[in-house]
Amino acid sequence: MAFVEINGLVKRYGALSIFEGFDLKMEATDRLVLIGPSGCGKSTLLRCMMGLEDIAGGQISLGGKEYIEGAEAGKMRIDAKIQKDVGMVFQHYTLFPHLSVLGNLCLAPTRSRGMKKAIARDKAMELLQRFGLADRADFYPSQLSGGQKQRVAIARALMLDPKLMLFDEVTSALDPELVNEVENTMQDLANAGMPMMIVTHDMHFARNIATKVVFQERGKVIEAAAPDELFGNPQQERTRDFLRNVLHING
Amino acid sequence: MELDFSFLLSYSGVLLQGLSTTLQFVGLAALLGLIWGFVLSLGRTSENHVIYWASTLYVEFFRGTPVLVQLFWVFFCLPLFLGIDLSGFASAVIALSLYSGAIISESFRAALKSIESSQFDACTALGLPRGVQTIFVVLPQAVLRAIPNLLSNVVSLFKESALVSAVGMADLMYVGQNIANNVARPIEILTVVALIYFAIGFPLTRAVSVVEARLLKVVKA
Ligand SMILES: Nc1ncnc2c1ncn2[C@@H]1O[C@H](COP(=O)(O)OP(=O)(O)OP(=O)(O)O)[C@@H](O)[C@H]1O
Ligand SMILES: [Mg+2]
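So the sequences go chain by chain: X and C.
Under the working numbering, the first residue of the first sequence carries the number 1, and numbering increases by one thereafter.
Under the working numbering, the first residue of the second sequence carries the number 1, and numbering increases by one thereafter.
Watch out, some of these pointers could steer you wrong.
To be verified - Covered, in the sense of this in silico footprint (three residues per stretch, anywhere, with C-beta under 8 Å from a C-beta of chain C), are these stretches of chain X: (1) 70 to 84; (2) 187 to 199; (3) 225 to 238.
Unchecked claim - Simulated pairs of lysine-lysine, BS3-like, Cα-Cα distance not exceeding 30 Å: (4) K84(X) to K113(C); (5) K75(X) to K113(C); (6) K75(X) to K117(X).
To be clear, the hints were calculated from the coordinates, so they are not data collected in a lab.
Glycine included, C-beta positions come from ideal geometry on N, C-alpha and C.
Isolated chain C (complex conformation) (with noise of 0.2 Å):
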């Protein structure tokens, strides 16, 4: 077997093109999976019984159904449902979002449990409403102590990212197959893939473990 790669050089356009979609929406989606994680987290600890089980039920079925479909319904059942028609793009960002929220929802509801009972106490001797207490004292907390699983989860987004060329998005996935479609060079073309994944992944992890060490002797005074 014989290996090539120079004739990936006339294909780096396209390919960059592929990646910087990827990243479009799956930087899109982990933002609003972020914002959609944290108000679920909330939910999952509320001691309102409704707004408790309709958060649960909601991250149970995204965590226990496959991504795969979850694109699948959102790509071509939601537009039914909605009426209206929704590009590759807004589809890819809505679905990863809904699922990635259910993901990030459990990290921040973990950060959640982590904070003191004390630190609420105090709120109160404080006077503190409800509000101030959860965007001033809540949130930035869980943020913090939530950030090293929050950064594996927007990881393993940028992973599973690959699903929607199945869909035909044309993402880094998408971009790739279909070059090795063209040229009949499947080996070198999804090594190359799968090292662009890699050199973007690769530093985000170990940066979890970084962020870890230094967060932790902040947070825990």
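Only chain X is shown next, with the shape it has when bound in the complex (with noise of 0.2 Å):
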């Protein structure tokens, strides 16, 4: 059984179907990227991995257990203890606003995992090192760049050692100079074997980070390989068509 997978998965918005059976696999070594047209449901897929979504059909399972399962409005099954394994940052700055950068890494190791105050203070300080925000640690997210507060973000929930990191267009709200720094800091994790799956619109960071690239549209897979293969030789016209608009836009 692959690391990730996604069997059968149903999610309905109402009378709009985003999912009629959808599948994906993913191994513990990739780093999958997510790419397709506005309104394709990829931010939709990455919330139902993260049990935000309630799906209505289909299993999500991580390292072999399967811990989403969909049924009929209200009754999908979660199990808790295997989705606390699963870390996302969001395309729109999430911190809690009222918390320092410390208080933001510490809310939920202290407050729902029982680690200790100290403990958890030496941890946020090692990963705020690690990522050259050793001097903002007392800063408010609104004293943050935008670059700062998504790095911030990811240091949080790698407070919670993750197994599968989610990133949904994390660099999408930024200025354009203030890009590099995320991306920096994701290619860093990624370097450490941090398995993620990576929504993105730079189809050149995409290239750079992946392992394996998700065509998906109308929430169908149309194509997946690697990197080079997906973009320097696509196999299916709609992804040329997809790629083609845009490479275009981006120049």
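From the two separate chains plus the hints, produce the assembled complex.
Here you go:
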């Protein structure tokens, strides 16, 4: 069984159907990048995996253990013990504005994982050091740049030792000159062996960081391949169209 | 008409006593009203229909009836229902807490609604249990965002508290009326009473705008 498996995922928003039996596999050594046109369900897929969406059918498993099983509205089964091995960073800033950087990092470990305050603090400082943010530990989110906020958000997720990290367009809201610092942080994390699923519109970054790229459209995987193959020699007409469009727009 | 404020000096002790009583029960009622108001606001944003309707009905009832009627009801009817004697002070605190809770819950509700859904997503992604989420993420943000309105609520409560003089509580207003009756100089005494209310209420009102400007900078990350 693959590290991550999504089988027969069914997701609808009211009458709007996003997935009707969606399948995807990912290995623990993979960094999977999802690309596709706006509205094709990339964010929705990550949100389903994080347990943020009620799914109407299908199963999602991590490390061979199924942790989300869809059912009719409101009856979805979710195993919190495994869900907590998944970390996520969002497109929009989601730091807690009333807490300092350190407070943001330590809240979940101390309040829901029973970690001692001093230990959480040390761990947080270590992470901030690694990200070059140690001098910002006592700052509030409103005093940080967008790039710093996103890197703090990554550090906050890492405090919980996730086995899989999900990134949903984490650089889309940033000024162009701040994109690099966040992408470099993600690259460092990749080099350290963290399995990740990444949604991005930055094709250059996608090609560099991915071990596998998945092109999806209208709730279906159209093509999945190693980055050099998918970008260099796409097999499907729709993949080619999509890439021609985005690469044209990106210049 | 001749105005003479000099006699007031001999009454300053009683007036201060009245003011102190007012500040005490308003302070207590404001504190209890804040807690009760937050609980009510959670009820009004609850997905549980029973909790939602119970709290909504409560809030609408207390907002939709005269405070004076509520005061009379708590002073004269509540003791009969409970079968116990309540001191005037306790009744004033109870009545004003029940009332201000309803008003304050609206301020909290607006603040709760202004918290972006992405904050709740972040809590889920971090595996925060519901209780931790409410106390450490929702409550502080709701309070920060509600502070300007809450200050206004407290100022209003302070002013409306003069109504308790109608049920014989020796608050600032009641003491003022008493003196006015004794010395037959209602103009001077009522003017002074009004000025005392103003002297305390005005700085609080001003504080609202200062606090508002400062807080918004912090909270809007
Ligand atoms: N909460 C919601 N309620 C109703 N419809 C929704 C909701 N969230 C998303 N949708 C719809 O679901 C579809 C997929 O949305 P999703 O955000 O997953 O797309 P996406 O691939 O991430 O797009 P983008 O590249 O623009 O971020 C869209 O048509 C969107 O309008
Ligand atoms: Mg999206």
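Against the structure, the hints come out as follows:
{"no.": "1", "hint": "70 to 84", "result": "holds (count 3)"}
{"no.": "2", "hint": "187 to 199", "result": "violated (count 0)"}
{"no.": "3", "hint": "225 to 238", "result": "violated (count 0)"}
{"no.": "4", "hint": "K84(X) to K113(C)", "result": "holds, 27 Å"}
{"no.": "5", "hint": "K75(X) to K113(C)", "result": "holds, 26 Å"}
{"no.": "6", "hint": "K75(X) to K117(X)", "result": "violated, 36 Å"}
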